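J.: So the chains spell out like this:
Number of protein chains: 2
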Amino acid sequence: MKVNVHVMLKNGVLDPQGKAIGHALHGMGFAEVGDVRQGKVIELEIADGTDKKRIAEMCEKLLANTVIEDYRIETAS
Amino acid sequence: MKVNVHVMLKNGVLDPQGKAIGHALHGMGFAEVGDVRQGKVIELEIADGTDKKRIAEMCEKLLANTVIEDYRIETAS
Numbered sequence: 781m782k783v784n785v786h787v788m789l790k791n792g793v794l795d796p797q798g799k800a801i802g803h804a805l806h807g808m809g810f811a812e813v814g815d816v817r818q819g820k821v822i823e824l825e826i827a828d829g830t831d832k833k834r835i836a837e838m839c840e841k842l843l844a845n846t847v848i849e850d851y852r853i854e855t856a857s
Numbered sequence: 781m782k783v784n785v786h787v788m789l790k791n792g793v794l795d796p797q798g799k800a801i802g803h804a805l806h807g808m809g810f811a812e813v814g815d816v817r818q819g820k821v822i823e824l825e826i827a828d829g830t831d832k833k834r835i836a837e838m839c840e841k842l843l844a845n846t847v848i849e850d851y852r853i854e855t856a857s
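Which chain is which? The protein sequence lines are X and R, in order.
Counting from 781, one number per residue, gives the positions in the first sequence under our numbering.
Counting from 781, one number per residue, gives the positions in the second sequence under our numbering.
Keep in mind the hints are simulated off the structure, nothing from the lab.
Keep in mind it's a predicted model, so treat the numbers as computed, not measured.
Just so you know, not all the hints are guaranteed correct.
No copy is singled out in the list; a pair is fine if it fits within one copy or between any two copies.
Computed cross-link-like contacts, SDA-like style, restricted to lysine to any residue with a CA-CA straight-line distance of at most 20 Å [to be verified]: (1) K790 - T830; (2) K782 - V793; (3) K799 - M781; (4) K820 - G798; (5) K841 - A800; (6) K790 - A804; (7) K832 - D815; (8) K833 - A804; (9) K782 - G798; (10) K832 - N791.
Assemble the whole structure, with the sequences as input and the hints as a guide.
T.: Here it is as structure tokens:
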């Protein structure tokens with residue numbers, strides 16, 4: 781099955797990359813853009829029936845730095 | 781409104797970062813993991829009612845490198 785893990789900086793943690801994107805978009809004339817944040821998606825191909833706990837373990841141990849990042853697990857099919 | 785843009789390397793484009801993650805997960809005993817790919821998510825706060833075309837324009841011009849990357853626009857609320 782396919783699992784998408786979204787890793788975003790926590791609210792309140794400065795996101796310079798997002799700020800840079802927002803700034804660039806404004807400079808290009810996209811004035812309708814407000815706040816921008818950038819994160820990661822990790823697409824995992826995982827054996828069917830893998831427990832969600834197991835995926836959370838991967839996130840905690842490797843995929844996300846839980847001090848500054850939040851993760852969200854999205855199971856596709 | 782909130783818009784999520786997913787930017788992933790196209791199929792067939794080598795993804796060393798994804799490979800490294802997969803390798804690390806295997807080394808940590810997560811044998812159930814197969815292929816891994818890594819991409820970006822960009823969360824944009826955009827003025828309500830902004831045309832989707834306009835967002836696609838941002839992707840084409842700045843957010844994605846369409847030579848090697850695909851993007852997907854996801855409108856939240």
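J.: Identify every previously stated hint that the structure contradicts and give their numbers, smallest first.
T.: 1, 6 and 10
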